[in-house]
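Here the protein sequences line up with chains A and B, keeping their order. Numbering-wise, the first sequence is residues 1 to 96 according to our numbering. Numbering-wise, the second sequence is residues 1 to 676 according to our numbering.
The set of hints was computed from the structure by calculation and includes no laboratory data. Incorrect hints may have been included.
[To be verified] Straight-line C-alpha distance at most 30 Å; calculated DSS-like pairs for lysine-lysine:
(1) B/K584 / A/K49
(2) B/K604 / A/K37
(3) B/K628 / B/K583
(4) A/K69 / B/K628
(5) A/K37 / B/K583
(6) A/K49 / B/K613
[As the list claims (entries may be wrong)] A few chain A residues that don't get close to chain B, going by computed Cβ distances all over 12 Å:
(7) M1
(8) T25
(9) H26
We put the CB at the ideal spot given by N, CA and C, even for glycine.
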Amino acid sequence: MAKGSVQIVVERCKACGFCVEFCPTHVLALSSAFNAKGYHTPYMVHPEKCSGCDLCGMYCPDFAIFGYKQPAPPKESAEAAAPPPAAEAKEDQDAR
Amino acid sequence: MHAEAAGVMTGTHFLDGDHSCCEGALAAGARFSAGYPITPSTEVVERFAARVPTVGGTFIQMEDELAASIAIQGAVWGGAKAFTVTSGPGFSLMMEHIGLAVMTETPCVFVDVQRGGPSTGLPTLPAQADMMQVRWGSHGDYEVIALCPNSPQECFDLTVTAFNYAEQYRCPVFVMMDEVVGHMTEKVVIPPPEQIEVTPRRYTTLPPDEFLAFHPREDLVPDMPRTGEGYNVHVTGLTHDERGYPDMTPATQDKLIRRLQDKIKKNVDKITLFEEEQIEGAEVVVVSYGITSRVAQRAIELAAKEGRESRQVPSHHRMALPRKADCGNRRQGEGNSRGGAQPGTDGARGRTLRCRESNRPFRWARRRQRTPSGRHSAGHHGGGAMSELTELTVHNPVEQFLRMDRIPHIWCPGCGIGTSVNSFAHALIDAKIDTRNVAIVSGIGCTGRVAGYVKQDSFHTTHGRAIPFATGLKLANPKLNVVVYSGDGDLFAIGGNHLIHAARRNVDIKVICINNLIYAMTGGQTAPTTPSDVITSTNPYGTYDPSFNLPYLVEAAGAVYVARWTAFHVRQLARSMQEMFAKKGFSFIEVLSPCPTLYQRRNKMGDGLDTMKFYKEVSKIRNGAATKDVALTKSGEITVGKFVDRERSDYGGLMHDKLLDSLGDDYVETEACTCQ
């Protein structure tokens, strides 16, 4: 059970990669998907590792991501945050 | 309403024009002045410096006229009625801030005791040519009001009127004396306060969430907000909409500039002051103003005595400039209310805008695609459109300090300015201060835009002049926590003089300098911080200018708190900013920030992330390091940390102690927002 999670406002992201690089538990990766501006935005590749420290939020120059501590989320949201298939995650890494 | 009794020296006096002007300012309610000595105007502020501590106000001698002319505008937004005084060369330096006062609708008074020119000219002799400079000196299309006294008595009367006009029309008003009027000593009668009409500042009565900072009333003049009371207004010299937000569209420019002109042009008959003498049946009419009117009077009398002139001749003593402009228009476009535009005025602007509008295909098209709420939950990452949305139950704590209706911002991908704003917002949360009292002042440049994104009372001033504006704001309203957030070029090149003097005085302002080592917004030119061997657009073969070591300079100038961090050190930076809020006196934090577009690209230094990794790799935290050892190089070690944290009385404290010591019970302390 992850201690925290992140929220991402996709439209604000400019894909600088600060959050991905400096996440202390390596939760994030840049997605292969584009936002409307054409940037690859981050997603949680290892959500279970998130501590909700908000370092991603402190680094994000575009106010597009922030982390928060998760008290006791209901079951369905835990499922929604399940890790993506390994192959797709790898593809995302390559895309970066 | 009537003048406040404390400022009015009722009685019959033998005063020169300069001193009489000062008494007029005090009677009108002026409680702040910033000046720089220049003959023949200095006596006005010399008297003000002696008188104002006894009625509850401040005089500060600034480092130059640029600083003086914007410090008064800071003071006005702090709640004071304020004015500055100068002459010829000093007036030339003030031109940019006439434009700022017009654009930001800052009610303030400039007194110009005119002398002969050009250049140093005739410092001790009169001239009247600055009238042209008032009208045309600042760039762009604008209307202002100028009044010309011809005697010490009129210096008193018209200075009161100038302050009243400034408040009524929210524009800079000019008292155009000259050396003779300023230095001529005559009888001046100052009436009792109840006979002096004073126009109070028109503050809004609306609550902050209903208030639009630049939404005009029927008279085309908007109400003013009180700084530090949660209105979170944004004041900028950029073309702005009614919220005060920058908007670079022709439609907004047209609407704003028309209103700024119309609020004066439509009241020309009310504004213009003149006297008519024996005009009935005259064959020749002499129109004159200022000291010339008294010379003309004598000439008319002589002519009459010699019998050559049987006709009667009047003399006009004063003139408001809009009348002149208005006459010009009418004469050229007889019978046509819109005809005869003067070159360079709104006529020229009108033509430009019309061209734009007729060229429809070339108009800017704005296309923005947004997902319904723009929010995206953490788990979605596939190749398809990111349209699945999750209702947020938590919010980014930073957002409460941002104008979210202005996000996304203009900063490039990988720029560190936004990152520093996160640290600033966290410092505001952690400092546990009343954030309504935090005012942000920025200069011009990429970092200068911070003021427009932070949801506080925020002032986007002119290039390099954030610090003198902040100085005026703080001194007029000591309860404010004034933060200057600006770039290295703004603070250390064009504004370098202001920075060292504010540090010397130890004015209680907090300066955050985002140092990206270059002039970014203008396209990557060499800055005073650019390290050697860096390629810039103005040093295409590599820089050879030696660069500043910012912490060393600021410490030497007298700052009480000096730190340096990089955009990588987000938590340390937030802590440093928090410490700065607890510190009284001039505090300074340098924040190194990536500039991927204009610094790194030319130097093949990768993107913003590469620079952040570089910061992580080469930064060494050395708290207390000697600042002389922390100079930066292109690729060498970066020393970061808190270098200086010392105690020294701040400017407000020094002023208070000295005046209390010298004046005793006669000293009246400046209170926040005392403006009538």
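**OP:** Take the C-alpha atoms of B/K584 and A/K49, compute the straight-line distance between them, and say whether it is at most 30 Å.
**Re:** Violated, because 42 Å separates the two Cα atoms, which is more than 30 Å.
Are A/K69 and B/K628 close enough, with their CA atoms no more than 30 Å apart?
-> violated, 43 Å
Using Cβ atoms and 12 Å as the threshold, tell me whether A/M1 really stays out of contact range of chain B. holds, 15 Å
_Against the 30 Å threshold, does the CA-CA distance of A/K37 and B/K583 hold or violate the hint?_
Roughly 42 Å between the alpha carbons, so the hint for A/K37 and B/K583 is violated.
Discussion item. Would the hint linking B/K628 and B/K583 be met if the CA-CA limit is 30 Å?
Written reply: holds, 23 Å
ask   = Is A/K49 close enough to B/K613, meaning Cα to Cα at most 30 Å?
value = Satisfied, since the Cα-Cα distance of roughly 22 Å is no more than 30 Å.
Inset, instruction - Verify that the Cβ of A/T25 lies farther than 12 Å from every Cβ atom of chain B, and report whether the claim holds or is violated. - result: At about 14 Å from chain B, A/T25 clears the 12 Å cut-off, so the statement holds.
Checklist entry - Hey, B/K604 versus A/K37, does the alpha-carbon distance stay inside 30 Å? => result holds, 25 Å
Is A/H26 truly not at the interface, in the sense that its beta carbon sits beyond 12 Å from all beta carbons of chain B? holds, 15 Å
Of the hints listed earlier, those the structure fails to meet are numbers 1, 4, 5, in rising order.
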